[in-house]
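Visitor: With the hints as your guide, set chain U onto chain S.
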Amino acid sequence: MTELDQGLRDELDSIVQNHDVVLFMKGNQQFPQCGFSASAVGILGQYVDTIKTVNVLERPDVRAGIKAYSDWPTIPQLYIKGEFMGGSDIIREMDEAGELADALGVEKKTYDDVSIDITEGAVKAIADAAAANPGLPLRLEVSPRFEYALHFEAAKGNDIKRTFGELNVVLDPQSASRADGLSIDYVTEGEQAGFKITNPNEPATVKQISPTALKAMMDNGDAYVVDVRTPAEREQAVIEGTHLLDASLEPTLMGMDKENTHLVFQCHHGGRSQQAANYFLSQGFKNVYNLTGGIDAWSQEVDATVPRY
Amino acid sequence: MKDAVEEALRVSFPDAVEIECQEHGGGHVSIRVVSERFEGLNRLAKQRLVLSSIKELMDPATGVVHAVDKIEVVVPA
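Residue numbers (the working numbering), protein chains in the order written: chain S, 1 to 309; chain U, 310 to 386.
Bound-form chain S, shown alone (with noise of 0.2 Å):
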């Protein structure tokens, strides 16, 4: 077993004092790399809304020291108020003999009230499917990931059910903790037909957005367009009435309304653009659009008088 240096066992010592619930995992809670650590943080939010993660994959000599903190040989470890409490398969019991609740101090949450949609034509839609699984209810899972599947397959005990028309639904209660609000419809477009899922919990990703499109919304003044390609790109073309993100234009934009502002990037062929449009949606902002195949595409889609390069 590595040795733990003073250092690495200062700064375990200050993690595990300073939250009270702390799960040393693979990943985080939002992408779990590993089943157990999936199940652990699973569990832990049916109680808890946020805890502290530490993710051992980025950082190699956390994995193998807290291996020795703790004395115990394995990923994911779960101290609460500064215990040690075990791993993915310990906590799995406690939460299935109640004491979960104790150790954390607050009640494993209902998901009564959790509300979902399904509009008539989904379940016109899924009727079909429905009358060749008889008896079965239609599951749907959300992942933590904000995947969704939807089966025919038996309730299960602690399952929330809801019903809509002739159809029933079920969800696992992990799957209700990510679903408050959602809808599923079935919508047609042209040619092609489908279930839509709306979720309001799911995290702000980038969108992508086509020139066509950029180009109404920068008609109704809608969009903040930023452009990440060099001062001598821009010489050579450029879109009109987009700015050059330099050291000056940062501050701006982290001054801008970050719930409400459109902010969309923009570069030569949508690579670097999207690197950048990454970095401000961490930065908190939830409208972030990247412009898809960049200038060039703007270029052939959307105004000809713009120079290709």
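It should be emphasised that the hints constitute simulated quantities derived from the structure, not laboratory data.
Glycine included, every Cβ here is placed at the ideal spot set by N, Cα and C.
Mixed in with the good hints, there may be bad ones.
As the list claims (entries may be wrong) - The calculated EDC-like cross-link candidates involving lysine to aspartate or glutamate, where the alpha carbons are at most 20 Å apart (straight line), are:
1) S/124 to S/191
2) U/379 to S/96
3) S/286 to S/259
4) S/26 to U/368
5) U/364 to S/191
6) S/26 to U/329
7) U/379 to S/93
Said to hold, decoys possible - Coverage of chain U stretches by chain S, computed from C-beta distances (three or more under 8 Å per stretch; other residues unrestricted):
8) 324-333
9) 340-350
Guide: Chain U alone, transformed into the frame defined by chain S:
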């Protein structure tokens, strides 16, 4: 691997009524031990007893056991 784990457990729990290791591939195992030694211990202490007896097999550098999916410890009735 099953044999190595069960052997290590027999050394630590000579009194055990039952010792069983199941392999799940990829270095994952499940363990079941029935022994008087678990009497009066909490969950953490019970699992520590089991894990400490296979500590060398779980060494990240030299061990063959990568993860213990499930530990079942039982005090004989």
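Visitor: Taking the hints in turn, state whether each one holds.
Guide: Each hint, compared with the structure:
For the hint pairing residue 124 of chain S with residue 191 of chain S, the CA-to-CA distance comes to about 18 Å; that is within 20 Å, so the pair holds. Between residue 379 of chain U and residue 96 of chain S the CA atoms are separated by roughly 15 Å; this keeps the pair inside 20 Å, and the hint holds. Proposed proximity of residue 286 of chain S and residue 259 of chain S is supported: the alpha carbons are some 5 Å apart, at most 20 Å. Distance hint between residue 26 of chain S and residue 368 of chain U is fulfilled; the C-alpha atoms sit about 18 Å from each other, no more than 20 Å.
Restraint check for residue 364 of chain U and residue 191 of chain S: the C-alpha separation of about 61 Å exceeds 20 Å, so the hint is violated. Note on residue 26 of chain S and residue 329 of chain U: the hinted pairing is violated, with a Cα-Cα distance of about 29 Å set against a maximum of 20 Å. Among the hinted pairs, residue 379 of chain U with residue 93 of chain S is consistent with the structure: their alpha-carbon atoms are about 11 Å apart, no more than 20 Å. Note: the segment 324-333 of chain U has 0 residues with beta-carbon separation from chain S under 8 Å; the three-residue rule is not met and the coverage is violated.
Restraint check on the segment 340-350 of chain U versus chain S: 0 residues with Cβ-Cβ distances below 8 Å, three needed, restraint violated.
Hint check: violations occur at hints 5, 6, 8, 9; the rest are consistent with the structure.
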